[in-house]
Amino acid sequence: MVRDKAKMKGGRRVTLLRLVLVVPVFLLLCFAFTLPLSSFESSRPLGNGFPVRDPVIPLVGNAGESPVQALVGALRSATVAASAYRNVSFNDVDAETWRYYNPCKARAELGPRYARRPRANLVDPNPQWDLVLEEYAALHRTCMRTVGNITEYYLSGATTSSCKFLIMEIGGVGLGNKVAVMISAMLYAVLTQRVILVNGESLLPWTMCEPFLGSCWMLDQHFPLPGRHGWESTMLGRWAGWESPDWKSSRYFEKGVDARKAGRDAPSVSAVKVDHSDPEKTRFFCNTEQAFLTKATWLHFSGCLYFLPKLFAVPAFRPALEALFPDPSLTLTYLLRSLMLPRNDVWEQVKQHDQDLFADVDHRVGIQIRFLYGRKVYFKGASKRANDHVKQCVAENNILPKIELETKSSSVRPGQVTRVLVTSLHTALSEELLKMYENRRTATGETVKITQLTHRGQQGFSTDEDLKAMVEIMLLSLVDELLVTPLSTFGGLAQAYGAILPWFVEVKKDDVPCARAQTFDLCYQMAHSHYDCPHEPNIDRKLIQSVLPYMRRCLPIEESIGLQLVSSK
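The numbering of the sequence shown is my numbering, which starts it at 1310 and goes up by one.
Just so you know, these hints were derived from the structure itself, not from any lab.
Note that CB positions come from ideal geometry on N, CA and C, so glycine has one too.
Careful: at least some of the hints might be erroneous.
Claimed, not checked - Each pair of labels, with its calculated beta carbon distance range:
1) Ser1855 - Asn1430: 25 to 35 Å
2) Asn1430 - Ser1465: 43 to 53 Å
3) Arg1627 - Met1835: 30 to 40 Å
4) Gln1661 - Lys1818: 32 to 42 Å
5) Thr1603 - Val1397: 15 to 25 Å
6) Ala1393 - Ser1465: 41 to 51 Å
7) Asn1396 - Ser1375: 26 to 36 Å
8) Met1835 - Asp1433: 31 to 41 Å
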């Protein structure tokens, strides 16, 4: 009897404990689902919201004005408006002082190294892009000097400077992904006259030169990034879809656009966050949404997907982009060579390795192999496949000479020298190539030398890892022939910097050893091929490639899931 009573008391305690734990969660969920609809979802007219007239995108020029002139004019107008509140003059002495404290030798020295390659594609200067970039740098430094402390400016809610900002938050990915998404955001910032700032946790400011003359692109470390504070940052808040009182999601913003287009008022949104990852925010690439975004002072981008190609799909952006980059496949190349240059300490390592490896050789070959997460089970099969496919690819396409099997001697006939640079987390491929070519005569009499600088075993995300990665990316971009792993942004950046059409090495299947790339551009992975612009019936649901002939699906070896820019010729 006593034992039964004790058991009953114990049961009551467990029940009470369950109630204590479950009831608050239940009430929170009820609270989440009984909250009133956001004002964007309400049909009740609200004052002081989106403008009565639909906004317009500033870079759409006047009749008779070229698209580039319109963009330059929009940038200058934004700079003049920003400078109205403070004297922010910038003269030649200021420029020289800034360059002294922010040196970047690669800006002058990288181009000649590309030009020396006899087999490389020459990239002509682009004075129009240089002019646009010069005007954007003026806007960037004017706004940053006008607002002063960016965190205090944001927290004050001030809009007196007329400047608009794009906050780029990157973290937890490799250097290739960081640069790819950052360069996409930079082009967007130029097109929309927004001052772009990147978080220090991205580590990019420790790897790359300052890109904008007279200014600084690193975000203040105390800036309150969205999603790090408040209920909306909790697991429950994310599950319930709670919105931050300050930063509104793409979904919230789009509902506001829908309300306004339906004739209802909606409150203004001063800060919008857009995640450039999977699934894609398809309506971001529409004129209507872009026009309404011009009214938001603050934009926040996150994610790790390269999205530059689809900026060409935005009708308002297209004329300026086509005028600036007549060969769309070179867009990324121009941007990387002007905005993403290695800092001097990185550049000195690149030059030293370039001298040691390539100074006295006749032919330069780069091979970049990447395996999924470095997992042993995956690596075991993929490594052998990759090794076999690399050897087959270089032989079938005359990239490396064949071995004279009947002759094995330490003496090699004098002839041309080919240097092969292998970049991989593992040494399996370089060891295989060393066995193949070391102390063996080639059919052509060439000497083939194999080099691998690093083999870290697994990917890291530290500053040191990024610096080493940047050195290897730049070295790969200096070769004559390049073999890379499909969908790898590491190898993709090398092809874009160097304007090289690489060979993609098949590491997943046995059907083909390799396939030639169709462009210098990266693949925008997971991108939708159709417009999703409900307020633009002339293009809604249209196939983007039918509107832009220089936009194509990525190659089958890259899984065909995505879009990229190809030559318009």
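We went through each hint and held it up to the structure:
Restraint check, Ser1855 to Asn1430: a C-beta distance of roughly 28 Å satisfies the suggested window 25 to 35 Å. Between Asn1430 and Ser1465 the Cβ separation comes to about 50 Å, which falls inside the hinted range of 43 to 53 Å. A beta carbon spacing of about 22 Å between Arg1627 and Met1835 contradicts the range 30 to 40 Å that was offered as a hint. Against the hinted window of 32 to 42 Å, the Cβ-Cβ separation of Gln1661 and Lys1818 comes to about 39 Å, which satisfies the hint.
Evaluation of the 15 to 25 Å hint for Thr1603 and Val1397 yields a pass: the beta carbon distance comes to about 23 Å. Between Ala1393 and Ser1465 the beta carbon distance is about 18 Å. The supplied range of 41 to 51 Å is therefore violated. Between Asn1396 and Ser1375 the CB atoms are about 32 Å apart, so this pair conforms to the stated range of 26 to 36 Å. At about 33 Å, the CB distance of Met1835 to Asp1433 agrees with the hint of 31 to 41 Å.
Consistency with the previously given hints fails for numbers 3 and 6, ordered from lowest to highest.
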